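Colleague: Take these sequences, add in the hints, and give me the full structure.
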Amino acid sequence: MVDVGGQADTTASATESPVQKSDAQWREELTPEEYRVLRQAGTERPYTGEYWDTHTAGVYQCRACGTELFTSSEKFDSHCGWPSFWAPLAEGTVRYIHDRTLGMDRVEVRCAACDSHLGHVFEGEGYGTPTDQRYCINSVSLRLVQKENADDVPSGN
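Residue numbering for the sequence shown is 1 to 157, as defined by my numbering.
Hints listed in this document are in silico derivations from the structure and should not be mistaken for laboratory results. Being a predicted model, the structure only gives us computed values, none of them experimental. Backbone N, C-alpha and C define an ideal beta-carbon position, used for all residues, glycine too. Don't take every hint at face value.
As the list claims (entries may be wrong) - Beta-carbon label-pair distances, calculated as ranges: (1) Arg106 with Glu148: 29 to 39 Å; (2) Glu148 with Gly124: 35 to 45 Å; (3) Thr93 with Thr43: 19 to 29 Å; (4) Phe76 with Asp23: 27 to 37 Å; (5) Ser22 with Pro130: 31 to 41 Å.
Modeller: Below you can see the structure in the form of structure tokens.
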């Protein structure tokens, strides 16, 4: 079960992030769509993002600050229209906020380093993953750094 600390924390300022930038700095560094999703907790349309159907080996970083968040090893095909992972890269790379917006009761996932909105995590949906969790993450919130180690790729492909 995802632990949100037993609180309905819906404010971005509830936890201080190591990466501190002004709204003007974020607007200057991010595209309008990146800003809308990462800084205003928007959502990209399903099946339109860069990574929803990607199977490339590598590490997914926060597009806003570069923190490594997920790997392709935990990515799976959920057929929901967004990239899905069954766990983050490591404990403490993401933080959770109880989200009651839009008339729903969900758990928002944010980058622990810069407090950018990534998506939401759901559990108990019956996917055959080790955690029975689905981290449903916006592609625009991520940047895939491809794995450079060619030793893991079978020859002849």
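Colleague: Checking against the hints above, which ones are violated?
Modeller: Per hint list: zero violations.
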